[in-house]
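Line by line, the protein sequences give chains G and W.
With our numbering, letter number 513 in the first sequence gets 513, and the count goes up by one each step, no holes.
With our numbering, letter number 9 in the second sequence gets 9, and the count goes up by one each step, no holes.
These are calculated hints, taken from the structure and not from any lab test.
Glycine included, C-beta positions come from ideal geometry on N, C-alpha and C.
Check each hint, because a few of them may be wrong.
Stated by the list, open to error - Using 27 angstroms as the maximum straight-line C-alpha spacing, the simulated DSS-like pairs for lysine-lysine come out as follows:
| id | chain 1 | residue 1 | chain 2 | residue 2 |
| --- | --- | --- | --- | --- |
| 1 | G | Lys214 | G | Lys64 |
| 2 | W | Lys214 | W | Lys198 |
| 3 | G | Lys457 | W | Lys503 |
| 4 | G | Lys64 | G | Lys457 |
| 5 | G | Lys196 | G | Lys214 |
| 6 | W | Lys198 | W | Lys64 |
| 7 | W | Lys457 | G | Lys64 |
| 8 | W | Lys64 | G | Lys457 |
| 9 | G | Lys64 | G | Lys404 |
| 10 | W | Lys457 | G | Lys503 |
To be verified - Pairwise CB distance ranges (calculated):
| id | chain 1 | residue 1 | chain 2 | residue 2 | range |
| --- | --- | --- | --- | --- | --- |
| 11 | W | Lys457 | G | Gly504 | 18 to 28 angstroms |
| 12 | G | Lys501 | W | Ala466 | 27 to 37 angstroms |
| 13 | G | Thr488 | W | Ala469 | 28 to 38 angstroms |
| 14 | G | Gly504 | W | Gly169 | 55 to 65 angstroms |
| 15 | G | Arg106 | W | Pro350 | 42 to 52 angstroms |
| 16 | W | Gly169 | G | Tyr367 | 43 to 53 angstroms |
Unchecked claim - So, partial list: chain G residues that the calculated Cβ filter (under 8 angstroms) puts toward chain W:
| id | residue |
| --- | --- |
| 17 | His104 |
| 18 | Trp164 |
| 19 | Tyr250 |
| 20 | Gln271 |
Listed below are the residues making up each chain.
There are 2 protein chains.
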Amino acid sequence: MNGAESLVRTLVNCGVDLCIGNAGTSEMHFVSALDRVPGMRAVLGLFEGVVTGAADGYARMAQKPAATLLHLGPGLANGLANLHNARKAQAPVVNIIGDHATSHQRYDAPLSSDVEAFAATVSHWVHSSREARNVAADAARAVQAARQAPGQIASLILPADTAWSPALGPAGALPVLPPAPVSSLAIATAATAIRKGKAALLMRGALLHGAGLKAAGRIAAATGTRLMADTFAPRIRRGAGEISVERIPYRPGPALDFMAGIETLILVGTQAPVGFFAYPGQPSEFTPPGVSILQLAHPHEDGGAALEELASLLAGSATARTNPLAPPAAPQDGTLTRETLMAIVAGRLPEEAIVVDESITGAFGLYGMLETAAPFDCLQLTGGAIGDGLPMATGAALACPDRKVVTLQADGSAMYTLQALWTQARENLDVVTIIYANRSYKILVEEMKGVGAEIGKSAASLFDLANPALDWVRLAEGMGVEATRAETVAQFDSALTAALKAKGPRLIEAVIG
Amino acid sequence: MNGAESLVRTLVNCGVDLCIGNAGTSEMHFVSALDRVPGMRAVLGLFEGVVTGAADGYARMAQKPAATLLHLGPGLANGLANLHNARKAQAPVVNIIGDHATSHQRYDAPLSSDVEAFAATVSHWVHSSREARNVAADAARAVQAARQAPGQIASLILPADTAWSPALGPAGALPVLPPAPVSSLAIATAATAIRKGKAALLMRGALLHGAGLKAAGRIAAATGTRLMADTFAPRIRRGAGEISVERIPYRPGPALDFMAGIETLILVGTQAPVGFFAYPGQPSEFTPPGVSILQLAHPHEDGGAALEELASLLAGSATARTNPLAPPAAPQDGTLTRETLMAIVAGRLPEEAIVVDESITGAFGLYGMLETAAPFDCLQLTGGAIGDGLPMATGAALACPDRKVVTLQADGSAMYTLQALWTQARENLDVVTIIYANRSYKILVEEMKGVGAEIGKSAASLFDLANPALDWVRLAEGMGVEATRAETVAQFDSALTAALKAKGPRLIEAVIG
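Please work from the sequences and hints to get the whole structure.
See below:
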């Protein structure tokens, strides 16, 4: 058994059974080993941003890591932006990054680079194996690191000779510590603050789609405590039968208004809210002066259990208020707009869908319209590195083959990693992609105003995607995905209904103003 | 005047008059300043790999840097792979990378990352401006660093508040040192070695397309010295009327055979040749034992002038042998293969074309077929990070609007940065892209054999691009580029003839076995 086979067998031993990759020469022995080890599925992405974004989406839904397979420094570099998003999502990912053979590393060959330096920019754990006999143990440590709460990026660098040289055998899984318990002092302090009134719980992490959310709902019902989530949450349970959680607005002014009346902000698995960007003369911090900030649970702590303890202290027999199934009425026809599009999505969304939201301006301000749709999980762009939507949908579909994935996707961002559509076609993944074709980086036009800058001709040319217009039907068909264009309400409703009924990838180019 | 405007004016003062970018909120004041400063052209790329690859191609042809405009760590991350290629090409590039306002950097906002760490992976020079009043001086230093021989990657990080806060004014250009002179000892030593016989000159850099190449040709004619270039050269002058330079083979075995009979290898602006990858049991070094290696000129030294001095010492009145205009005969019709395709390209290539070669297996072994075509400049993939071809062609066309660019492009690599086609359409760039549609990562099938690994079902699935087949005609049309498919010699010849006659971007999907 060579090092590569010991690595693949170790990954399977550790519960990693999906490898999404784009390999090169230095990874050939790893690739060859995939065929000798049962239990590991291999999926090809035609660009590494697809690979790492799919690993992010997979991890958010499967709640365990996939392995990525990346080709030296540049292959890793192409995947860094979506690893940044995964890091901000606290999604566990195990990167296997090929490198030159150790004997070849002293030469400045064309593909030579400092792989560890590339990896360090986004990783919580980085290690370069130096001997084939250590690769299995290194892999077990990498998976352990990735699975450590709340989820980490682990990057294992595999020089080619450590893959092809003899190794003893695979390693077993290492224990993964559960999330740390929250101290009783923190729980008591939070309880006191909530009893005082004018408190809010700002939540992130597993509790937004697990038992902790129900407990938070009971606390809210019993005490009037507001429930909040970050503007961009990794995964949040929404829709009918679920607890409503308010979303912090994107801009400083509205965010501060949103916080008005709060005296204590209790953080559960997140940090105090700050602006996505700074704007001249506006504050970075979204908590008004005088608000007390309490940290009930850090991200690595068990915020869900803490909320359940709090609920038993505070909520008595109160039951949580849940959303009714009452999607907004959709018009029969007329102009397709952001609003009418969202009404149709809300009405047509099947139960247990996964909604991947990289709509940027497409759904800003319309968040509430899905509140009374059928229950679903929503995945958002956590790190602001655009181009996560199509890959994340790909990974979510790999994790949950029995659930429909619906991607709300801005056109400018979609162009970053459009190659994901090919993997969706290749694997026949059950994903409906809705492209918001407004043919501009529309958010930047708004951001120019936000920062007080003027838009001239050059500036406008850097925001405009209309010259030439992207034809998303041809782009999708070019990668084997059936696609259609919708310019009216009736066309969109009909296209969405057909796409949801079909099994396999479909794309709808929704032309909106 | 704010910091951003002082920066743009400084860039123009320093001779940087093209900005290729993809901006976000933190770069809005820079974007706005573009409209207030005459003399700076702004070009949009729909993905940062396009932006940096275009800057690479532009620099190789214009022999001066363009500025890139990149959005924080993740935007830079998307451009790193092609910056890696530019670094290996010794192409000058000035990156302007937006960052959060200095007051916002203490918060862990979604887009927060260690921008300097990302930049350091590929840059020779990195600096983060901390005050608006320093931005102009920092920009002048960045351009100076980029232009320092043989060409460097300079990354200037621009926090948003240093862009929007008041600055005094622009800075003037700083002096750029010429390449260092080669010592007379090095020239005398090389002359002695060449007189001894069995010598070869291995060359890289400006001399491969400048006066140095003519001098090398005279030395070769007078002394029988072999002339060689690295397997992948940044830019090399080729075709009729030019000096023939041998290309070092890609694999160790053929490379060592190629070097047989050489007793002294004289390096001019390059390093001793090594393998692209290591293979089990095969050497990394491509110089057989016993070969003496002399460094005539380091990359930062004036190798061209050194060759001219050597020629005056050694070549007397000898004239260089140049290639005749005698492209290989092309068949009239029949199956389209790598060979017949290349024969047609050789016959049809217009004078002073720029050939961008990312054909990978498409043209391996067929390098000589263009030797007697009309004279052209050839740009190759220097860093092995695939996805440089379409962007590099874009940049070359921006640098040389009066020359036809012909891109020989492998399909798998083309998928990495296909968004470049949109910029070609937008700017109506005169580029003919030939996609070698073999529908696989064909090189990897060969590399599996090279490293002695077995190909099973999973492995094969990671190389195969045929399921589904990519439709390059639709992909190109989806981005506004006219395209056609050619499956026979006659179809390809007709498509190429039409594309070369037209002005503006065209794509031909050449279906080859």
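Structure-based check of each hint:
1. Lys214(G) with Lys64(G): 23 angstroms, holds
2. Lys214(W) with Lys198(W): 20 angstroms, holds
3. Lys457(G) with Lys503(W): Judged against 27 angstroms, a Cα distance of about 25 angstroms means the pair holds.
4. Lys64(G) with Lys457(G): 48 angstroms, violated
5. Lys196(G) with Lys214(G): 22 angstroms, holds
6. Lys198(W) with Lys64(W): 37 angstroms, violated
7. Lys457(W) with Lys64(G): Holds: Lys457(W) and Lys64(G) sit about 25 angstroms apart, inside 27 angstroms.
8. Lys64(W) with Lys457(G): Roughly 25 angstroms between the alpha carbons, so the hint for Lys64(W) and Lys457(G) holds.
9. Lys64(G) with Lys404(G): 20 angstroms, holds
10. Lys457(W) with Lys503(G): Measuring from Cα to Cα gives roughly 25 angstroms; hence the hint holds.
11. Lys457(W) with Gly504(G): 18 to 28 angstroms: 22 angstroms, holds
12. Lys501(G) with Ala466(W): 27 to 37 angstroms: 29 angstroms, holds
13. Thr488(G) with Ala469(W): 28 to 38 angstroms: With Cβ atoms ~33 angstroms apart, the hint holds.
14. Gly504(G) with Gly169(W): 55 to 65 angstroms: 60 angstroms, holds
15. Arg106(G) with Pro350(W): 42 to 52 angstroms: 44 angstroms, holds
16. Gly169(W) with Tyr367(G): 43 to 53 angstroms: 45 angstroms, holds
17. His104: 4 angstroms, holds
18. Trp164: 6 angstroms, holds
19. Tyr250: 11 angstroms, violated
20. Gln271: At about 6 angstroms, which falls below the 8 angstroms cut-off, the nearest Cβ of chain W leaves the hint on Gln271(G) intact, so it holds.
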